[in-house]
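**Student:** Residue strings, one per chain:
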Amino acid sequence: MIEACADIVGNVWKITARVGDQVAKGDTVAVLESMKMEIPVVAPAGGHVSGILVELNQIVQEGDALVEIDPTASA
Amino acid sequence: MTQLDATQHQVDTAADDLDPADHQRQVLTQHRAARFARIEPKGKRVHTARERAELLFDEDTFVEMTPLRTAGTRPDGTPTGSGVVAGWGLVDGRPVVAICHDAAVASGAIGAVMADAIQAAQRFAIDRGYPIVYVNDSGGARVPDGIFALHGCGGIFALNVLAQQKIPQISLILGPCAGAAAYSPALTDWTIMVKGQGQMFLTGPDIVKAATGEDASAEDIGGSQVHTVTSGVAHLEVETEDEAFESTRLLLSFLPSRKGGRQTVQGAVPANPGAVERLPQIVPEKSSVVFDMNAVLDGVLDNGARLELMPEHAPSILTLFGRLDGRPVGVVANQPAARGGILDSKASVKLARFVEFCGRFDLPVLTFVDVPGFLPGTVEEGRGVITHGAKVLKAYVETTSPKLTVVVRKAFGGAYIAMGSASLGAHVTWAWSGSEIAVMGPGGAVALLNRRELAAADDPERLRTELAATYREEVARPYLAAEAGIVDDVIHPEETRDRMVRALRMLTAGESA
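Protein chains in written order, with the numbering used here: chain A, 1 to 75; chain B, 1 to 513.
One or more of the hints may lead you astray.
Distance condition first, Cα-Cα at most 27 Å in a straight line; then the derived BS3-like pairs of lysine-lysine [claimed, not checked]:
1) B/K259 with B/K391
2) B/K391 with A/K36
3) A/K25 with B/K259
To be clear about the criterion: a stretch of chain B counts as covered by chain A if any three or more of its residues have a C-beta under 8 Å from a C-beta of chain A, and this derived list gives those stretches [said to hold, decoys possible]:
4) 140-150
5) 155-164
6) 439-449
Hints in this document: simulated from the structure, not taken from any laboratory.
Predicted model only: the values in this text are computed from it and were never measured.
For glycine and all other residues, C-beta sits at the position ideal for the given N, C-alpha and C.
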């Protein structure tokens, strides 16, 4: 299991992935709001989304996991 | 090799001859044979220390210094060698000194004799004004040599530091490098590691385990991922030894041989025409949306070789060498596509180090700005962002080479000052016509300045948007900075290259005069 993590402290502004979605490496799975910027959180590898670990408007720290991805289920 | 065989043959046929000259020839041949026979690649290594030197240099230009020097003899009477292959040769026709640890001799451990041989090569390079490439592959100080090994290693460090003000120094990490073999690279300018093959650490896994109980592999402690992504100790990760030598040659192509030496100016190459055409459309309409700053650089720099250093470490700042109008330049840019292009502790250290290097070797610094600010908060303050941010200010102020700065989209607060502003001594500065320069962004400023009005408003969101628009027009627009003379001019994106080329020609005109 791999995780898409925040690379900056910020507010969870959008969660674009849903459980069961197929994602490719580099796909945006969520968007953080930090420093008045929309900062994408991307999938570090392809697979299917197996869990959403945060809620909208939650404050996350650098390194916190936002979305869980199962790489073995990659299409 | 054929030459050696032929000489051997002559010696054999002349064995009965008692001519003293022939005897001397025979001894020399034996010494040389022993010298070449003992060097073999070990472990994952593909090349011997000598082959590495030959790979770095232009073909057939490497000359080894003191090749017969030895620290001792093996039980069979053959010399062990000094443990290092040091010498000079040409890189693109320019003299360079290489110092290659010989991992086939006691794992490249640095004893008293080896340290002395290294220092001799360092002094030669410093005196002549030639860059040094260190090919590191050593377990550190040689234990049986005791205090003599430590004294020798300290002497290497001292010359590393002395050389900083004279010549470029590049370190390659081609094997496990512990202790002294990891510290010397840290005193040089740029460090390149081969993935899965090179490691740098104060102590290896066994001593780590014994000292603290931590169970970690050599790769976990000091592999190229650790140092090129997390720690920033090394500046480039490559896949193979050959690629490491290629990158070194490319890096040297941007650098003068010595401080105050001639810049490696080539014929000017126009920017990529497609990229120039796209320049006006690169910055997204909505100021919060990210974009790739490389697209801006493509539309400004010469369309030729570039070398980005530290691409994986603190990626919100780009640091790279390229060319403008054929002249080598150091390029610094915020990268909005990574962490919004912010400045933080790591990005500041990366940026300051790069600018300081450019200043030391008279390389012009081109700064492309789109910075939302320094990242605030407990984590960054705890990391000492004030101290690290101050290094950026110091580096720009102290750099006397041409400094050209363009604000591409936004420059707010302390980060505006830090990113090569006119106040820190930029020679010419521009702002793109759609850019914003202010103490803080419109959102933050309105919240601070209009707190009471917003609290009393029937529709605070609408008022906030209106106030932000007014602020953007009245306070943050780049014309205010230009009218005050704080930026030289407001320009269209597609004018950037021409403006920078003209400024650079003006600022470097004294060189040839």
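**Student:** Indicate, hint by hint, whether the structure satisfies it.
**Tutor:** We went through each hint and held it up to the structure:
A distance of roughly 22 Å separates the Cα atoms of B/K259 and B/K391; the hinted pair therefore holds under the 27 Å criterion. Proximity of B/K391 to A/K36 is assessed by CA-CA distance (about 26 Å); at most 27 Å being required, the pair is judged to hold. Straight-line distance between C-alpha atoms of A/K25 and B/K259 comes to about 44 Å, which puts the hinted pair past the 27 Å bound. Three residues within the 8 Å Cβ limit are the bar, and the region 140-150 of chain B against chain A gives 0, so the coverage statement is violated.
Look at the region 155-164 of chain B against chain A: 0 of its residues bring a Cβ nearer than 8 Å to a Cβ of that chain, fewer than three, so the hint is violated. Judged by the Cβ-Cβ criterion of 8 Å, the region 439-449 of chain B is covered by chain A as claimed, because 3 of its residues qualify and three suffice.
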